[in-house]
Amino acid sequence: MAAELHSYLMVGAVLFVCGVICMATKRNGIGVLMGVELVLNGANVNFVAFSRYTKLGLDGQIFSLFIIVLAAAEAAVALAIALNFYNNHLTIDVDRANKLKG
Amino acid sequence: MLLAAQSIAEFIDSTDAWPLTWLNGYGIVVAAVIHALLLIHIFAISPFAFIWLERKVSGRIQDRLGPTRVGGLFGWLQSLADGIKLIQKEDLCPPAADSMLFRSAPYIVCVSSFAAFMVLPFSHTWVAVAADCGLFILLAILSLEVFGIIMAGYSSGSKWSLFGGMREAAQMVSYEIPLALCALIPVISAGSLNLGEIGGMQRGWLSNWFMFHDPFTFIAFFVYFVVATASCKRAPFDLAEAESELVGGFHTEYSGMRWSFFFMGEYASMFAVCGVAAVLFLGGWNSGIGPLDDLLYSWRASSLSGEGSWAAGYLANVLGAVIFASKASFGVFVQVWLRWTLPRLRIDQVMTTCLKYLVPISCFLFLGATVWPLALQLRTGRTTWTAPVGDRLSSSVVELRAERDKSDVAAVPSPQAAEPEDLKPETPEAPAEAVPSHAPESAAVEPESGRDSSGSVNAASSEVLAGATKKEVQQ
Amino acid sequence: MSGHSLLFTFFALATCLSAVAVVISQTVVRMAFWLIISLGSTAALFFLADADFVGAAQLLIYVGGTLVLLVFGVMLTASGPYLKIETSPGETIIAGMIGLLFLFIVYASISGVDWKSTPGDAVATDSPLDNRSGADGQTLRPVGLSLLGLRPDKDLSGGGDGDQPSTGYLLPFEIVSVHLLVVLIGAAYLARAKRTQQASAS
Amino acid sequence: MVGETLRNLLMVAWLLPLAGFAIEIFGGFWGKRTSKTAAWIAVACIGTGFLCSASALVLWGNSNGWTVLESDGHGHADAAHTEAAHPEPGHSEAADSADTAHSKQTVYSGTLYSLGKFGSLNVSLDYYIDSLTLTMFTMVTLIATCIHLFAIGYMSEELTEEYVDHHAHLSNGHHVHRPGRFYRFFAFLSLFCFSMLGLVLAGNIFQVFIFWELVGICSFLLIGFYTERKSASNAANKAFIMNRVGDFGFLIGLMVIWTYFGTFQFGPTSNADGVITDPGLFGMIHRDAAGTLLTDPVTGDVAITTVDGTPAVDGAGQSRTIPYSLLVVAGLGVFAGCIGKSAQFPLQTWLPDAMEGPTPVSALVHSATMVAAGVYLVGRFYPMFVQEVLLTIAYVGCITLFVAATIAIVATDIKKVLAYSTISQLGYMMLGLGVFGWGAGLFHLITHAFFKSLMFLCSGSVIYGCHHEQEMTKMGGLWKKMPITAFTMLVGVIAIAGLAIPGVIAFSGFHSKDAVVASALAFSDANPGHFLLFIMPLITAGITAFYMFRLWFFTFLGKPRDMHVYDHCHESPWIMTVPLLVLSVFAAFCAVGGEDGPLYQLITGDEPTHVAAGIASTQSVSGLTLPGHSAIHDVHSKAGALALFAAVSGTVIAYVLYGTTLVNLAEVKRHLSGLHSFLWNKWHFDELYDALFMKPAHIVGKFCAWVDKSLFDEILHGAARTCVIVAKWDRLFDEKLVDGFVNLLSRATWSVGDSLKVVQTGKLRQYVMFIVVGVVTLFAVLFATFPR
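Protein chains in written order, with numbering that gives the first Met the number 0: chain A, 0 to 101; chain B, 0 to 474; chain C, 0 to 201; chain D, 0 to 787.
A hint or two may mislead.
Said to hold, decoys possible - Partial list, derived from the structure: chain C residues whose beta carbon lies under 10 Å from chain A:
(1) 5
(2) 6
(3) 30
(4) 36
(5) 60
(6) 181
These are calculated hints, taken from the structure and not from any lab test.
Ideal placement from N, C-alpha and C gives every residue a C-beta, glycine not left out.
One chain only, chain A, in its complex shape:
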């Protein structure tokens, strides 16, 4: 059991790190969003694994459900922001969004 939990956590870790690298390297705004999705999924995997293999029980599943729902909401808002950004800058390159540069 512990081995399986371990494997699940590793899968989650890989997803998480991939998401972070995705966020760090992609200049496309949508790509960054995808990175965020990956990160959230890494967390999801961990929750479900804990739900299955520890005494966490249903709570883990419900947390992952909430994460999924909030990810959907976040995607909707982020997409709207991205569209607005595109309308204003005619590009989706996040490096152009440096108006807050110090």
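Let chain A serve as the given structure and place chains B, C and D on it in line with the hints.
The following block gives chains B, C and D in isolation, referenced to the frame of chain A:
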């Protein structure tokens, strides 16, 4: 769990009375074999049959014969011949295409369409995966199909394809909402997302079908059928592949087997949505004739308990599968019929129909179906007209009481020692302090059982209900 | 190697490799494709972990909803076919190295925990979701009851570690519902604001 | 019943002008300034009032069988008269119902409307109706009707949208152009009539005061009618302020009365059952048959009596008394008000200036009615006056009549002459009242009202005919141009001069002045020390005849002095001449029969009790002897002869000087230049007041200004300068120290932010990298710090 076809496996593993006891321990293998056979032989061949059906029907509708050459008078081998022809064709990939996506898109479409059959029951317990949230999984898998189409449209490197893909994406995402809402209406009546369970509830006379459960489900059936037609991008909603506007839509650039995969996927999903309609609204594998259903169920029960012949149970299930398949096929026939009868809508009309009419109607129906039992109870004292759900729930409460009485005789439970898993609820006559303070509210179950029981009885009855349904599914 | 671990290995590999592919891909649509594979495989992992409902929700909402939305975004913001916005190789290399370092750190922390000996017997000998309350992935009903404020899987009658009654997740559920509505309106407003500006400008 | 009917009739007559005023002033709906509607409404109101008054008079006479007119002859007047005409003071309907048959009720009093009760002070609208009230009512309404009619003609120039006032100049030398104010004039006239009638009807002294002020306001409005003229507005102010001085005394009198008597009402008050609860002012001062005041035996103060004439006691059992000196003060106070209102010495100077108003105003307000209000009040309040007060009244009247008459000799403005004549005649009335000739004074009031209003209207007619030329020096020979005016004016002049052919014909002035002079003679006979009180009016009678005939000769006889005026002169239209004729009839014949005639009998119908018998010196506190009717009657013929002689002499002198060319007027003037200029400057009263009041006020004001400027201002400026210096230092502190500290802080913050902003690259991806690096570092530190 996904591919293990666990219900069949468990069934085989646990049966003692059966002659097949030598199979014990190898249930998973048997189940896999059965699953593969079903998938290949029935689900994969059925699209060919439907393609033939479509050609014949369209021919008749257009006052011509349709295919007649291959395979005799009815041309029933025409689809096979077409398949052979398509296999032989060259697999083209345009230079402007993103080849990796271009090649993989048909697989996504095809796989997602066929994977839906995993949770679709053909007869009592004849289901690959008897998942508790079967309907949910089915809808989820069906919704993946759109991805393949978008991929195909985007990666073809053609504007016709891109337009078709975009249209398809917009259309399917929009129509998923009323589809899910309409599918949920019988679910409300049944109180379960388990397709096998829902089908089993509609046993008995025709009036037990959920279509006739109340006015809202009756209307919901037709709405569902329209929406299902649209989500299969069938005419008159086939804007994604409208040949008069977009040449071929998303599959303009495809040829050969990849092209045919789209169509196999389309016909598979047609059958899938019609199967869902059959299970949800049209009684599933039940014939609609009370005595006949009872007879078939008694065959199954006797074979299951080892008293009767296993062959009788198997025959009963085969008969049920035939009944189910004919209902679903009739749905497919109607879709074909519609395609050759109705003109195509414009894309804005399609979206208007969905967002301005079908979604509000579905919402209204959903609301009505929610309020209906309440209103009916106020008038008549019971929550259903005809359907068996209420009776089933009431009988389970009766059973529960009998069980509770037995346990009362055996031992008086102390509140501290009582485990929730024990299925030994507190008696209603017990002193107030004996009732657990966390007792859930009666909202957990149907009003029938909640009406005359305390909170703990409710919780327990819901447990019993869960157990009972599971038992039934495993039969 | 049991069937279960075989399947797990397959889907875990699919998940991880697709995720890496997402990082490596240069085209957004390809990224989306690999992301679908990754998330779909994750859903399969959920099924394997007896979380049917979560897996189905993952498929329906994530794959079928969110990603379609993302692809929409890609198409609406693409100024040409197969849009590529390259990242400089140096950045990629640095990011990769830091990512590897990060992965190593996470791995170290995962393997650093002795799950068996943690206080409170954190790792159960078997799934706490026993037969009655939703083993074999039959978690639909318990999850639904939890969202309605009931916890059939928890012993909260006083025999457990505390007397506190469980309220389940009714309140978070409602909050998330309202949150979704707000997001719906907000997103609609955001997408609409530009158009009215243009209308007023023209 | 009779009382109620009388009350209602008089109320109608009183309130109708108010209604007219409201309609005229608020009903701008007839809009056009050329409409005469306002005038006709005013005439209708006051005319109806006259009819009501006249019918009330007739009704009143019928109810008591005209007993007052039964002339008993002066010789045996005492017994019958006092008893018949004077039941106890505080005669009321209810109390009188069971009275004897030969003594019919003549006095009615009661409350019209109770305004409020403040403690024991009962403020209400009361009425007090006796023969005097009715006579005054009839006289006022009759004269007012005539003057209203006259004014329609006189004021017709105002019937225009744009009236050019030739006497008012703007700063650029142009005449003032303004809309006509025809309707406003009549509105003010109506308001004045209402006020005057209210004053006459008033049943308590406080109510009298209210209408007294209202009359003053109307006077102010009418004098200042040509408000654009500076002289007019000055005159209005002067009149009003002069009246205020008198009213100050009036208020003192009111306070004394209120303090000691606790009531303002003249007549008795009865409750719902008709039982008299409060005797009223006139009932509280009790005189015995000899005219002696009832005094408290212990303190010697004057006792206040109850209804039945016994001394009243207050709540503590003490008998209520009033010190004699305060009774004098109260009387003098009330008389001070009368001085102001009736333009007596020393407050007489406002009246000639009041001639700035339109001539009908002068006729109505400043000759016939308003100025007569003072005399009327003295007559009304007569029972409250003790001998010292009466003596004061007599001397004030004496001085006034002489001073005014002398000024009138040299005045050349036709209206000014008449104004001084008015003052002089008012002096006669006051004198008559002061020397115990109650009936004589009021008799002269009525007759004078008729002939003076007649003369004023005549002068108005002349002015109107001569296009607003008022200087007599520019007139002359107008007899031919305006015969009606000249004739009626002559009637008035003869009346005021007191000319008569004894036993044949005598105009009203002869009878009334005769009565006054007779009273004065009786008084000076009884009190030889006060002989001036007889000599002065006798001389003045001659002066009066002189200046009145001087006026008439100057204006109507002789040669025209200014041909321009003469050529454009014309007779007035009928609407102006008819009132002249009507008034001339009354001026001539209203006093027919003299003291045996109906008018005199009517006036004296409700004479105060103690008047008829007179008071002997032994009964008098101050040792004065007040003559009774019989005493006056004894000297009547002697006084009449003397007065007639004086008048004839004056007439002859006037004729010699002005009617013929025998005497060189300029020579006379040169010889008497000192006297002339003294008189021309009105005895230097204005200069006197200027020196007495204005100059000291100016000196005090200048001193105050100096204190303000050089003392207070310096203190303030010093404080301000100190503040400025302190503020400069404060500013230095604020700018250098506080601001410096704050600026230092902000600069430090700024530089820190400036150096930190480099971190904010604005690149999303770098932020992510920062986070990752941070997490990695954190974990590395954790692992290094807590090894397994």
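Hints broken by the structure, by number, lowest first? 1, 2, 4
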